[in-house]
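Chains as they are written, first to last, in the working numbering: chain A, 1 to 281; chain B, 1001 to 1118.
By construction, these hints were calculated from the structure, which means they are not laboratory data. There could be a bad hint or two in this list.
As the list claims (entries may be wrong) - Interface residues of chain B toward chain A, partial, derived using beta-carbon atoms under 7 Å:
(1) G1038
(2) A1084
(3) S1109
(4) L1112
Stated by the list, open to error - Anything over 10 Å on all C-beta distances counts as not near chain B; from chain A, calculated:
(5) E86
(6) D95
(7) Q134
(8) D141
(9) S156
(10) P181
(11) V200
(12) H212
(13) G232
(14) A235
(15) W239
(16) A248
(17) G254
The beta-carbon is built from N, C-alpha and C at its ideal position, and this holds for glycine as well.
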Amino acid sequence: MCDTCGCNITDGNRHLIEGDGKLAQTESGREAISVLQGLLSENDHAAAHNREHFDRHGVLALNLMSSPGSGKTRLLEETIGALDGELRIAVVEGDLETENDAQRIRDKGVEAVQITTGTACHLDAHMVHNALHQLELDGVDILFIENVGNLVCPASFDLGQHRNITLLSVTEGDDKPAKYPVMFRAADLMLVSKSDLLAVLDDFSPQKAERHLRELASDAPVQTLSARSGEGMSAWLDWLRAEHAAAAERVARGETMRPAIQPDGQWLHAHQHDHGHHSHD
Amino acid sequence: MHELALCQGLMNQVERIARRERAGRITRILLSIGPLSGVEATLLRDAFPIAAAGTVAEGAVLDVQEQPVQVRCLSCGAESEAPANRLLCAACGDYRTRLISGDEMLLMSVELERRENA
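All chains, please: the whole structure from these sequences, using the hints.
If you want it as structure tokens, here you go:
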């Protein structure tokens, strides 16, 4: 990490270290060592390797996050069917237990690796790294990483993905972005799922959900869809096509990409050499 | 978040630094944590003594500096504090802001005692 160039000193934390440089002596004669390292630096290191691996194979890696039961796997099933013959998909499934979701994906004729986390309620970069050993990425266009259903922990772990997609089903409250700001702030795309149920769940307003997302200073696009009825699926598929095309161009230029917003430690790790200053653009 | 797991990762980082600096003991660890990092400072403080037991940082003071959420408005340029789930400009109300503080999850510094013969 950035022990030397100091690019991760922000306006918000600079006062903590000024006048307290490396090896500064404290009053007690002990030595204070300036570190400035993200607390997830081990994870970030593994995530950077995963990202290089994806880029080398020309794979667009998408991290799918949501609470349990919002329809991530169902969306993937329908997406695989709709893009059959057009884009080749592979899936990494994260759950605490069972191979059920990976089996559902395999039944669609697509390669899937199940990560069972036991008690851990999120995927981390090491788990994804291990799963990649079991996955043939040559010829794959898009790798979906279906994270453990949880609106808290997965948001803080970089897996090496290029984009974060957060689902919010209409069976949940439309104020979820206000309740789980860390998660929804991380979204590059928010999908309001199960829209076929809006007719019976008239207390959920997609507009309110979007407003709560905007209040997190997020410009991420919001799409409302139903994998079950097919409503809104074409806009989602177009987003995937556009992201995939952009990824191919990016790889051709030798560039990589990260989700728009990652917590400090992760963000800094990948940007320390190409940014003079910390910003959140 | 996983504050205990995070503390155990922190111990790995701190032990590496202690080896590099030939430190006999780590006496203080300074962290900078913002609410939008997803880490709960209270849980971190609770988890720390468990993770630190038996390590070079056993008995060290864990100093967690909690950072305020601050945004800079892209529209009017004002800088203001904001609640973690309402990152609006306090001056003009615009939602198009950039976070300038509040998502930190950083090990800022450690204080250590060197070994006598180092």
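For each hint, the structure was consulted:
no., hint, in the structure
1, G1038, "4 Å, holds"
2, A1084, "5 Å, holds"
3, S1109, "5 Å, holds"
4, L1112, "6 Å, holds"
5, E86, "35 Å, holds"
6, D95, "17 Å, holds"
7, Q134, "24 Å, holds"
8, D141, "31 Å, holds"
9, S156, "4 Å, violated"
10, P181, "4 Å, violated"
11, V200, "28 Å, holds"
12, H212, "8 Å, violated"
13, G232, "24 Å, holds"
14, A235, "23 Å, holds"
15, W239, "22 Å, holds"
16, A248, "30 Å, holds"
17, G254, "28 Å, holds"
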